[in-house]
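This is what each chain is made of:
2 protein chains.
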Amino acid sequence: MPVNPTQSLLVPVVFATVLALSPPTQAEEAANAQSQPRTTQQVLDASGPGDWRTLDPANTLYMDLADGRAIIELAPAFAPAHVANIRTLAREGFWDGLSIYRSHDNFVVQFGDITEEGAPGKSIGSAKAKLPAEFSRASAGLDFHLLPDADGWAAQTGFAHGFPAGRDPAEGQVWMAHCYGAVGAGRDLAADSSNGTELYVVTGQSPRQLDRNITLVGRVVHGMELLSALPRGTGPLGFYEDPAQRTPIKAIRLASEVPEAERASLEVLRTDTATFDAFVESRRNRRDEFYKRPAGHVDLCNLAIPTREPPKQ
Amino acid sequence: MPVNPTQSLLVPVVFATVLALSPPTQAEEAANAQSQPRTTQQVLDASGPGDWRTLDPANTLYMDLADGRAIIELAPAFAPAHVANIRTLAREGFWDGLSIYRSHDNFVVQFGDITEEGAPGKSIGSAKAKLPAEFSRASAGLDFHLLPDADGWAAQTGFAHGFPAGRDPAEGQVWMAHCYGAVGAGRDLAADSSNGTELYVVTGQSPRQLDRNITLVGRVVHGMELLSALPRGTGPLGFYEDPAQRTPIKAIRLASEVPEAERASLEVLRTDTATFDAFVESRRNRRDEFYKRPAGHVDLCNLAIPTREPPKQ
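Residue numbers (the UniProt record's numbering), protein chains in the order written: chain G, 1 to 313; chain H, 1 to 313.
Hints in this document: simulated from the structure, not taken from any laboratory.
Note that the structure is predicted; figures quoted are calculated from it, not measured.
It is possible that some hints are incorrect.
No copy is singled out in the list; a pair is fine if it fits within one copy or between any two copies.
DSS-like, lysine-lysine: derived pairs with alpha carbons at most 25 Å apart [unchecked claim]: (1) K130 x K292; (2) K292 x K128; (3) K130 x K312.
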């Protein structure tokens, strides 16, 4: 009798049911989304092809480890200089042969130390050594899909280009949020000391205090378990004390540099649709039988954006 | 050049500095806590013996795995019936020889399946088969140390008996919150279907939507990395598909049943002191050089309560 704390709590990767007869139009779906409470599964089952998007191969990194591939979506709308540099670094194989050398429990994993002992002699090649800090950007011109609930860390929260984000109308600024899976550019004390070589991935409770204090460059959309379940480092701040504990990186490549036949076919739920609003509502007020008291609230970082394999034609 | 995303972000286990001359009195500390911004390290360095507490052995579980010991503090103030049952189950060795059979990425690990294949024939012994749901309790009579910031999930948040908690003054109810490390009693669809045999531990982003929907019984105060870094199960909801992937539980015992010489000497920061308020303020507004923009906010579940080995006499 495995008694589950929840029986449908997290959104699994879902193969959308293709309705055989009279699929609802998107307009009908939008109307339904507003009118009747549904479970997350019901919302996703009723989604249409237009509710999903594929990743742009020029903004997608494949991080290949011995145990599998993590997929990172880059965010040029938020950090154009860092993303451009990361593209160059990936193209020139900067991370290949380096390692994940830090796993800090309930916080981050980190990789990309150019001085790593035992690693092949590394240079940043034609990437830039110095970049501007990209902690936030002007909100003007950026489509921002607002969430309904209050947040303690930001005046507003929502999604922009598919990324969880905060916004401050008074300052006219918007920024990516440090949710689970966020990928950032490690830096020293100076705000402009990151160049995208050293990257970290959030593996714990969302460290939102870092928002607007460091440059985020994207997020892991697939394969988080390859990073989040790594043994924790026992040195200060989760650095591995023994180099043998590190996880080697076979390669980090841009999807656009990988032969098309070897690319992932993953689709990600769009965050600017009526279906997404219905998804959010299904997380704000859980409708499956397990829940006795729907919360009437959801935090930005409690919304794990669903992904799926595209349905068979 | 390991560039750290933060150089003092998480609170390490701290050995308090014993000041050689004129240590500040607790009253002086309280005054200081209000008057000047300090880093977390400065707050902990200035803490006095009265700012720390030891665990009550009768409310402490030692969970022994091949790789080490996790320490769970039970919360009889919140879930008296479940805690009493768990004490009985531990005393009678219920979990010994069972396993952790679920590791759901960014959510929970779970253990204690009485029907587990391959495990020794198990019974609940003299424990009760049926308990009342203990999702929340009356707030009257429970000391509640309020946090200053708003929370989207609860009207008020704070700490009670050292546990992160929500409170609703209108309903006169208080409940433990699902933060990282929270230990809960798995149940089926019926609210009163948990009996404390099946337990889960939160290993991901705080699933606060479960608050008031399931009975929490305590929290892991030490050794979370033994649970959080376990490989993720590849079956639905993170169940292991191959029994060989499970993590055997050597034993779960009450500290009070363990010879005194074998007990942990861990101390936990009290949550009802002026030092704790200063700690909270140091997390609301980070004062070390890394931070360019203090958040002026902290969420309940972003406050990892510091622990330490007691200073040498």
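Quiz item: When no copy is specified for K292 and K128, does a C-alpha distance of 25 Å or less occur within a copy, between copies, both, or neither?
Solution: between (54 Å within a copy, 24 Å between copies)
Self-check item: Homomeric proximity label, K130 with K312: Cα distance no greater than 25 Å
Solution: Intra 45 Å, inter 47 Å, cutoff 25 Å: neither.
Quiz item: Given identical chains, is K130 near K292, meaning Cα to Cα at most 25 Å, within a copy, between copies, both, or neither?
Solution: Classified as between; 19 Å across copies, 53 Å inside a copy.
Violated hint for the displayed structure: number 3, the only one.
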